[in-house]
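Chains as they are written, first to last, in the working numbering: chain L, 34 to 323; chain E, 4 to 377.
Among the hints, a few may not be true.
What the hints assert, rightly or not - For lysine-lysine, the following BS3-like pairs were computed, each having C-alpha atoms within a straight-line distance of at most 25 Å:
hint	chain 1	residue 1	chain 2	residue 2
1	E	116	E	182
2	E	329	E	312
3	E	60	E	182
4	L	132	E	116
5	L	132	E	60
6	L	266	L	256
Hints listed in this document are in silico derivations from the structure and should not be mistaken for laboratory results. Remember, it's a predicted structure, so these values are computed and weren't measured experimentally.
Here are the chains, one letter per residue:
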Amino acid sequence: MYVSTDLHGHTLYSDGRATPQEYVEFRRARGMKAIAIADHDLMAGVRAGAAAAAEAQMLFIPAMEITAHLHYGGEREEQFHVLAYYPHSVLQGVELEHKALYRRGLAVQERWKAFVLSWIDSRPLDEQAALGRDELEGLSPADFPALQSTILRIIDKKRELFEPFRDHHVRFWSSAGSNGDLFGWTPEEVIEAIRDDGAVDIVAHPARYRDKERTLAVLELAKGVEVYTSRHKAEVAAFYRDFAESRRKYWTSSSDDHQNARYIDPPCGTPARTLERICRRTFDLSALVA
Amino acid sequence: MVKIRVTRGVRAGFAGASGLLALSGGVAACAAPGQGEDVGETDEALTIQDPGTGVLKLGWVYGSPRGQTFVAHNSTDEYVRAREQMSFELSASYLWSQLYPNRTMPNDVDRLKKLSAEVKVHYVKGGAVYASTQVATKTWTGTSAWSLLATTGTFVVSRRAQGMRFEVEISDADEPANKAVVGQADFMEVSVIGGTLPTKTLLFDNLGGAMRSRVLEGGLPVRGADLDVAYTDWRAATVVDSSAIDRQIGTATSYGRFGPVEIPIFGELQYEITYGYAVDGAWHAEAPLTANAASRLLSSRGRTAYEAKLALPEDAQKLELFFHVKTFLKVDYSRAGDVRWRKYQDGERILVREKWDNENGVVFDNYDFVTEQR
């Protein structure tokens with residue numbers, strides 16, 4: 034039994050362009066029954082997304098895409114993303130805001146603000162003024178433009194600074210920067226943190242990573258695999274679906290939409306079993322599958 | 004299926020208050036007699052007789068000043084009705100976070116049960132508060148700190164209410180000096196259906212692909228009274244199958260973390276909805292419904308209801324209705340930045356789909372409603 038889903042996409046709280054409301058409305062209009070917003074390393078859009086989904090009578094799953102690294106600090110360093118899916122029930126009260134990884138997201142927002150301001154401060158005074166440095170400094174970390182919004186601001190105010198910023202921004206995550214305490218975790222450490230937080234760990238777009246051997250080892254450990262995503266060709270998705278089903282792992286079907294290209298509809302739903310595991314309850318499948 | 008009967012002549016005042024106490028089972032925390040009912044009103048009016056029961060729970064709603072606001076969970080449908088018996092449910096985590104925003108919540112159920120709250124309900128009519136009532140937390144459920152919920156006593160929604168506003172005062176028996184008040188401005192107003200009888204509301208909406216038409220107050224449209232007709236944006240989108248409309252109006256170069264990208268530019272879909280109606284076979288000219296982006300029938304910001312008010316004659320026996328949904332693509336390149344390809348002229352408004360909304364989708368068939376006496 035499969036449910037029409039998109040469990041991985043981004044909003045303007047990370048490197049997407051849509052507001053949470055636009056994100057949900059887009060998927061409602063496509064007839065989806067269960068969705069998640071999975072921004073990079075934070076859950077700032079979850080509350081607004083959940084409210085919009087509730088209005089549309091869709092199942093909303095609080096989520097985030099956590100940045101880990103393989104070979105952090107070494108020559109083969111590369112990012113590795115693990116999705117964390119929380120049960121819907123964490124939206125009750127303020128439980129969500131007390132989750133360890135939610136609080137890590139607040140730290141990410143603070144660091145991002147400091148990172149961008151520090152880069153602006155390294156520019157000549159006329160460029161600082163053009164980018165509205167003082168206005169940006171006055172914003173709280175929660176209101177500070179995230180990656181995509183920062184890029185669009187730079188394009189709008191000082192187009193020629195786009196390439197320098199693009200070259201610089203990768204330092205925020207990499208070992209060349211100073212955020213190893215946030216992003217220098219191994220996938221295994223992230224998986225452990227996700228489980229400690231009461232969430233389900235699903236490896237995002239596993240075909241993307243260069244170190245295939247290590248990726249397979251992480252997949253063996255993880256609770257689940259993102260099988261269908263716009264980053265997987267059909268035969269790749271078939272391979273990971275077979276991998277997941279042969280090991281009784283949970284698997285998902287999503288888009289990894291950033292609103293920067295034509296939307297690719299997930300070609301298949303997500304098994305109801307996966308949703309039931311995430312939410313720790315069974316569903317009235319007739320309502321979700323209808 | 005909502006089953007709500009409408010009856011005549013529940014007189015306000017002491018008799019009404021007695022009914023209230025009977026309904027609430029004599030709960031001590033309930034409103035004082037007269038407060039939960041129509042305060043100071045002595046007129047005779049139609050009343051919803053079986054308005055159901057409901058619980059107001061805190062939920063996150065887009066547009067709420069503090070995110071969390073009261074959302075009704077009713078035994079009928081998504082709407083609160085006049086004379087509905089209601090209570091509030093407040094999580095211990097919410098109470099703690101409002102009272103002690105800078106303190107970590109203790110993982111101690113007994114400690115959390117020392118918290119309490121009084122919720123004031125202000126009834127709104129014609130945009131102004133005309134009466135209030137209040138209830139206090141009285142029972143706890145749940146075994147862990149995060150699942151611990153306080154439930155208040157019950158109250159009965161005032162017969163004339165068109166809306167409810169709320170404020171919450173939180174106390175702590177362990178630290179009585181500490182109090183917190185979450186004011187009216189921090190909660191969204193909750194609409195109440197049935198406070199304007201005999202005027203009723205005929206709502207045309209949808210649930211997924213299923214089209215619905217409902218008299219929200221129950222029963223039938225009333226002869227010799229106004230009838231509010233409302234049609235929702237999502238129904239219009241479903242009728243015209245908006246997801247299949249090509250909204251692309253061009254392409255633009257934009258920029259992402261991996262470099263320049265060519266992105267599609269989409270236009271906005273706008274609806275113009277007209278309706279035709281006949282009373283006892285006499286058709287009126289098709290007329291537009293008015294777009295209302297702040298309709299009391301839609302709880303969240305960003306939605307639009309298309310509305311009209313009909314005056315039904317005293318002798319009206321049958322009402323027939325149909326709708327005509329025109330969908331326009333609004334072309335606006337001003338927000339797109341570096342436009343590479345323009346499919347249309349800037350500012351154009353193109354009719355992209357036109358559908359009639361008839362009963363069962365059958366052309367020349369209409370939505371039929373017989374009427375009832377006042």
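So, going through the hints one by one against the coordinates:
1. E:116 <-> E:182: Holds, because 15 Å separates the two Cα atoms, which is no more than 25 Å.
2. E:329 <-> E:312: Given pair residue 329 of chain E, residue 312 of chain E holds - Cα atoms ~20 Å apart, limit 25 Å.
3. E:60 <-> E:182: Judged against 25 Å, a Cα distance of about 21 Å means the pair holds.
4. L:132 <-> E:116: holds, 22 Å
5. L:132 <-> E:60: holds, 22 Å
6. L:266 <-> L:256: Within the cut-off at roughly 22 Å; holds.
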